[in-house]
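Enquirer: Spelled out from the first residue to the last, the chains are:
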Amino acid sequence: MTAQFPALALILLFPAIGVVFNIFVGPRAGRNAVNVAGTGVIFAAFAVGLWAFARLLAMPAGAALEVTLWPWIIADQFHTAIALRFDALSAVMTLVVSGVGAVIHLYSIGYMAHDEDYARYFAYMNLFALSMLVLVLADNLLLMFVGWEGVGLCSYLLIAFWYGNAQFAYNGRKAFVVNRVGDAGFILGILTMLSALAAHGVWTLNFAGLQAHAAMLAPVATMAGLLLLLGATGKSAQIPLYVWLPDAMVGPTPVSALIHAATMVTAGVYMIARLHFLYALTPDAMHVVAVIGGVTAFFAATVALVQSDIKRVLAYSTISQLGYMFMGVGAGAFAAGIFHLMTHAFFKGLLFLCAGSIIHALKGEQDMNRMGALWRRMPITYATMLAATLAICAVPGFSGYFSKDLILERTFEAGDEGLWLLGVITAGLTALYMFRLLFLTFHGTSRVAPDKHVHESPPVMTVPLIILGLLSVAGGWVELPPGWLWGGAFSRFLMPVLCRSRSQAAHGAAGGALGVVAMLATLTGFLLAYILYIQSPALPGRIAARASALYHLLVRKYYVDELYNLIFGRFLFWGSTNVLSRGVDSGLIDGIVDGAGLGVEAAGEVTRRSATGNVQVYAFVYLAGAVGIAAYYVYLVMVR
Amino acid sequence: MTQFNWSLINFAWLPILPLIVVAVGAMGVLLAGVQVDDEDSGALGILTIALLVFAAVLSLLLFGGRPSVAFSGALAAGGYTAYFDLLVLFAAAMTALMSVEYAADQGLAGAEYYALLMFAALGMMLMAAGDDLIVIFLGLETMSIAIYALAGFMRHDPRSNEAALKYFLLGAFSTGFLLYGIAFIYGATGSIKLEPIEAALSRPATDNALLLAGVGLLLIGFGFKIAAVPFHMWAPDAYEGAPTPVTAFMAVGVKAAAFAAFVRIFMVHLGPLGPQWTMVLWVMAGLTMTVGNLAALVQTNIKRMLAYSAIAHAGYILVGMTAAAAPRAGGAILYYLLGYAFTNLGAFTVVVALERRGAIHDNLADYRGLAARHPFLAAAMALFMLSLAGVPPLAGFFGKFYIFSAALDAHLLWLTIIAVINSVISAYYYLSVLIAMYVREGGVEPAALRTRPALIATLVIAAAGTVAIGLFPQPYITSAAGAFVSALGNAPHHHVVLSR
Chain U
27 MTAQFPALAL ILLFPAIGVV FNIFVGPRAG RNAVNVAGTG VIFAAFAVGL WAFARLLAMP
87 AGAALEVTLW PWIIADQFHT AIALRFDALS AVMTLVVSGV GAVIHLYSIG YMAHDEDYAR
147 YFAYMNLFAL SMLVLVLADN LLLMFVGWEG VGLCSYLLIA FWYGNAQFAY NGRKAFVVNR
207 VGDAGFILGI LTMLSALAAH GVWTLNFAGL QAHAAMLAPV ATMAGLLLLL GATGKSAQIP
267 LYVWLPDAMV GPTPVSALIH AATMVTAGVY MIARLHFLYA LTPDAMHVVA VIGGVTAFFA
327 ATVALVQSDI KRVLAYSTIS QLGYMFMGVG AGAFAAGIFH LMTHAFFKGL LFLCAGSIIH
387 ALKGEQDMNR MGALWRRMPI TYATMLAATL AICAVPGFSG YFSKDLILER TFEAGDEGLW
447 LLGVITAGLT ALYMFRLLFL TFHGTSRVAP DKHVHESPPV MTVPLIILGL LSVAGGWVEL
507 PPGWLWGGAF SRFLMPVLCR SRSQAAHGAA GGALGVVAML ATLTGFLLAY ILYIQSPALP
567 GRIAARASAL YHLLVRKYYV DELYNLIFGR FLFWGSTNVL SRGVDSGLID GIVDGAGLGV
627 EAAGEVTRRS ATGNVQVYAF VYLAGAVGIA AYYVYLVMVR
Chain C
1484 MTQFNWSLIN FAWLPILPLI VVAVGAMGVL LAGVQVDDED SGALGILTIA LLVFAAVLSL
1544 LLFGGRPSVA FSGALAAGGY TAYFDLLVLF AAAMTALMSV EYAADQGLAG AEYYALLMFA
1604 ALGMMLMAAG DDLIVIFLGL ETMSIAIYAL AGFMRHDPRS NEAALKYFLL GAFSTGFLLY
1664 GIAFIYGATG SIKLEPIEAA LSRPATDNAL LLAGVGLLLI GFGFKIAAVP FHMWAPDAYE
1724 GAPTPVTAFM AVGVKAAAFA AFVRIFMVHL GPLGPQWTMV LWVMAGLTMT VGNLAALVQT
1784 NIKRMLAYSA IAHAGYILVG MTAAAAPRAG GAILYYLLGY AFTNLGAFTV VVALERRGAI
1844 HDNLADYRGL AARHPFLAAA MALFMLSLAG VPPLAGFFGK FYIFSAALDA HLLWLTIIAV
1904 INSVISAYYY LSVLIAMYVR EGGVEPAALR TRPALIATLV IAAAGTVAIG LFPQPYITSA
1964 AGAFVSALGN APHHHVVLSR
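From first to last, the protein sequence lines stand for chains U and C. Residue numbers for the first sequence follow our numbering, beginning at 27 and rising by one. Residue numbers for the second sequence follow our numbering, beginning at 1484 and rising by one.
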C-alpha cells in the first residue's frame, strides 16, 4: 500500500534552501544568521521526517509514502521520475541522516566559531545532507546515483575545505577519484540490470519495479551484485576501496563526524539493503559481501591498534564497523546490518564530536602522544566518550551490544563460522584500540604541551555530545531479545520491506552462548588495554621494538597506499608522461621514424622540428593508422 | 493583375533559407566592416549574433517539418538537419558572444573575424544538410578553410601561426583521403548521393572491395575531423595556439558538424555494411578514449588539457556510433553533442576570461586562487569540469549514460567497460582544475568581469544549459531522438538491425 505524501519534498527542500541561502546571502548576512539558517534547515528536515514517520506508523506494515516531483526522463519505453519513496527502510535512514546530521550541524556552530569561512562551510554541510537525503529517499536507482555522486562531491569539497593547503586538496581528490572507481561499478551494475530487463521488454529502474521483476534479473544477478558491491565498497570504505577514508580526516572534525556517522559511508550498506531482492538471487555475491565485510573489519581493526592520530584511529574504526554491517547484510540479515548502521551513527558520530572537542580544546592537536589525563578538565567530553566507547565495544545494555550481537549471531546461523570467529576476534581488537584511545587521551599522565589551557567546550558543543551520548546508551533498545518487553521491534518494522530474512527464532541457547564468547573477547581486549596503557605504559614500546616488522606493517597500514600509488598512480602517469606526451612528441615515434628511414631529414634538425612541431611525426602516426585500417579491409576482402 | 507565383515559395530553396541567411549575412558583415572602425568591432559581433539567431529561428521553424529532400536529393531537410543547424548556429553565436570583448582586447578587430566565423558555420550547416557526398565535402572544405584562417588569426603570435599551419597541412592530407573515399564509393555504387548508394549496397553486382576501400578512406577522413586516435595529433597544438574562442568553436562546432555528416553517412545510410565498419570504430573508440584521457592527465596547459578532453569525448561518441545496432544510439549521440556543446563552450569562456592582451594565462597554475577572488567564475568552471567528468545530474552525465546504455543494448560489454573506466580516469584531471582554483596562493587576476557583460552572458547561458539539460533532459532527449528518426525517414528503407 502506498499513499501520496507531498510533504516529503520538504525534507529535500529545507536543506536546499540552506545551501542557496548560505552561498548567496550567507557571507553578507553574518555569522548568526548563517548559524541559525544552516542548522535550522536540517532540524526542519528532521521534523518533517518525524511527521512522515508518524504517518507511516499509522499505516499497515509494508506501506510507503510517495511523491513524484517531475517526470525526469521518458525515452521510448524507459520512464524515470524524480520521485521519492518513504518506506520503513528509507524512514530509518532519513531519521538517522537528518537527526544525527542536525546534531552535528549544531555542534559545528561552536566548532567553527573562529573560522572566517563559516558560510561556505554550512553551505557544503547542507549540500552534503541534501545529497544524502536524495540518496536515501530516491525511488529509483538513477536518482539514487545523483545522491550517490553528490555525497562524493561534497566529501571532496569538505575534505578540501581548508583549501589554502594543497595537500588537503589532493586528499580530497583522492577521495573523489577512489569513489569514482566505485561509481564505475555502480553505473555498470545499473546498466547490467537495465539491459537484462530490457531483453524482456521491461524498462524500469525504480525499486518497486525492479523488485516486481526480480525474476528477470536472475541471469545477471551475480554480475550486477558484484558490480554494485564495487560501488558499495567505494562509498562504504571497504576493501579494496577503503583508502580514501583515512585521508578524509584532514577536513574539519564535524565533517568527519558527518561522513562517518550519518552520511556517505552508510550509503553502500543502504544500497545493498535496498537491493536485497537482487542479492537474494545470488548467494555467491552475498557471500562475497560477507567475506569482504569480515576481512575488512579485522584488517582495519589491526591498523587502528597502532595509529597515534586520534582521528585516524577512529577512521579505521569506522572501516572496521562498516565491515560488520557488510557481514550482516552479506549473511542475509539486512535488518541487523541497518540496525548496526543506526547505532553506529550514534556512537561514531559521538566519538568524532568528542575527538573534535578534544582537538578544539588542545588548539588543533591530534596526536594522542601529546594528550593524557584530560578527564578531570573535560568531564562532559569524557563521560560521553566513555559512553560511546562502551557502546562500540558492545558492552551489554549499550546500543552497540544489541546490533553487533545480532550480526554475529546471524552470521553464525548462516553457517559462516569462520567469519563469525573473525568477527569475535575483531570485537576483542575493538575493545583494545578503543580503550587504548580512551586511556591515552583521558587517563595516565598528562603529555599536553604546557602552554595550552585546556577547557571544556561551550554548551553548543557539549549539548550535542549529551544528546548523542544518550542515544549511544539507549539507541539499541528498539531491538531487544525476543520476549523482552517489545522484543525485536526494529526488525519487525523493517521486515515487510526487507522481506525474507532467515530464521527468526534462533535467539535461543546457542545465541546466548555465542554472546558470551563475544563478550569474553571484548573483556580480553579491555584487560590488555588496561595492562598496556595504564598499568605498564612502557610495555607497548618494548613490544613494538621486539616485533618491529609487524609494528611497521601496521603503522604503514600494510603499505596498501604505497602499492596503489605504485600500480595506478605511477604506472598511469609514467605512461602518460613518457609514452603519450613526451614519447609521442619526440622520443618514441621519432625513434620509429628514424629507424624506419622515413625521417632522414628529421634526424639532425632538432630546432627546425620543434618549430614546426613534428608535423611529419603527426603525419606518420596518421599514416600508420590509415595503414592499419587498410590492412583490416584487405583482410576482410581476402577472407571473403 | 498577375497572380503571385506560389510555386516559387515551394521551390527547393525554402529548406536552405537558413543557409542563405548565413551566407548573405557573412558577406553583409564584411561590407559593414568597411564602415565600422576597428575599435567598434563589438557592433559587428552583435550583428553577427543577430544574424545567426535569425538563421536559428528559421531552422527552428523547419525543425518540425516533414523530412524532405531538396535539389534533387543533394540536400536533406527536416529534423536532423535542423537539429544540427541549431547546434552549429548556437555554437557560432556563443563563440561570437565570447569574442566581443576578447577580440577588441586582443586586437582581432575587423569584420573578417566574424565573417569567417559565419562562413565556417555555413560550411557546418552544409555538412549537416548534405545528402550527397560532394555536398558534404564542399561543406567540410568551406568550414575547414575558414577555420584554418581563424586558427591563425593572431598573426603576431607564433603559436597561432603554428596552429594554423599544422592544422592546414594535416587537414590537406586528410582531404585527400576523404576525396579518394568518395571516388571509390562512386566507383563501386555509381552514385555520390547517399540514398542511391544505400540502395546499391544490396545489389549483388556492387564491387565489395572497391566499396570497402571507400568506406575505410571515409573513416580516416572523418576520424581526422573529429580528432579520433590515431588521427588526433594536430588537435592539442591547434587548440593551444588558436585564439581561445576559435578553440571553443573547433571543439564544439567542428566536432558537431563532422559527427553530423559522419553519423548520417554511416549510421543512417551505410547501416547494412555495419559489421564492416563497427569493428574499426570499436578500436578507434577504445583508443581515442584511452589515449585522450591518459594524455590529459599530465597536461599543465588548460587549453591542451581541454584538447585531450575533447579527443576523449569524441571517443565516447564513437562508442555510440559503434553501437549503431541499438535503436537508441543515434538519439544518444545527438543528445550527447548538445550537452557537450554547452559544457565546453562554458569551459572555454572561463579560459577567455583569464586571458588579456600580451598575457596568455592558460596554464593550470594561473588558475590558483580563482575561487577566492572570483567565486562565481570558479564555481562556473567547477560546474563545467564536473559535467565533463560526468557527474549527475549535469548534462555530461546523461549523455554518457545514454551512450553507455545504448552500447550495452548492442552487446558491446567490453567497450562499455573501457568507456566507464575512462570516465573514472578523467575525473582526475578535471579535478586538477578545481584543485588549482581552490589553492590560495599564486594565480593571475583576470580583468574585471564587470566591464565584460558579453562574457558574463556567455557564461550564464552555458552554465544554465549545463544544469538544465541534466535536470530537465526530457525535451532535449525527445528532440534528439526525433531528429535522428527523421534522418532515418529520409532514407529509403529503415534498418536498425545490423548486429553481428
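Just so you know, not all the hints are guaranteed correct.
To be verified - To spell it out: a stretch of chain C is covered by chain U in this simulated footprint if at least three of its residues, at any positions, have a beta carbon under 8 Å from a beta carbon of chain U; those stretches are:
| no. | region |
| --- | --- |
| 1 | 1886-1899 |
| 2 | 1950-1960 |
Claimed, not checked - Simulated DEER-style distance windows between Cβ atoms:
| no. | chain 1 | residue 1 | chain 2 | residue 2 | range |
| --- | --- | --- | --- | --- | --- |
| 3 | C | Arg-1686 | U | Ala-244 | 22 to 30 Å |
| 4 | U | Val-660 | C | Pro-1958 | 41 to 49 Å |
| 5 | U | Gln-103 | C | Ala-1688 | 39 to 47 Å |
| 6 | C | Ser-1685 | U | Gln-237 | 43 to 51 Å |
| 7 | C | Pro-1936 | U | Lys-478 | 48 to 56 Å |
| 8 | C | Pro-1958 | U | Gln-103 | 46 to 54 Å |
| 9 | C | Met-1510 | U | Gln-103 | 46 to 54 Å |
It is worth saying that the hints were derived from the structure and are not from the lab. No residue lacks a Cβ here, since even glycine has one placed at the ideal position from N, Cα and C.
Enquirer: Now tell me, hint by hint, if it's right for this structure.
Expert: Okay, the hints, checked on the actual structure:
Here's how the region 1886-1899 of chain C fares: 5 of its residues keep a CB closer than 8 Å to some CB of chain U, so the rule of at least three is met and the hint holds. Evaluation of the coverage hint for the region 1950-1960 of chain C: fulfilled, as 4 residues show C-beta separations to chain U shorter than 8 Å, against a requirement of three. Taken as a hint, the range 22 to 30 Å is violated for the pair C:Arg-1686 and U:Ala-244, whose Cβ atoms sit roughly 46 Å apart. The hinted window of 41 to 49 Å between U:Val-660 and C:Pro-1958 holds, with their beta carbons roughly 47 Å apart.
Look at U:Gln-103 against C:Ala-1688: about 41 Å separates their beta carbons, and that is inside 39 to 47 Å. Here the CB-CB span from C:Ser-1685 to U:Gln-237 is close to 46 Å, well matched to the stated 43 to 51 Å. Evaluation of the 48 to 56 Å hint for C:Pro-1936 and U:Lys-478 yields a pass: the beta carbon distance comes to about 53 Å. Range check, C:Pro-1958 to U:Gln-103: Cβ separation about 18 Å, and the 46 to 54 Å hint is violated.
Checked against the given bound of 46 to 54 Å, the beta carbons of C:Met-1510 and U:Gln-103, roughly 49 Å apart, stay inside it.
Taken one by one, the earlier hints fail for this structure at numbers 3, 8, listed in ascending order.
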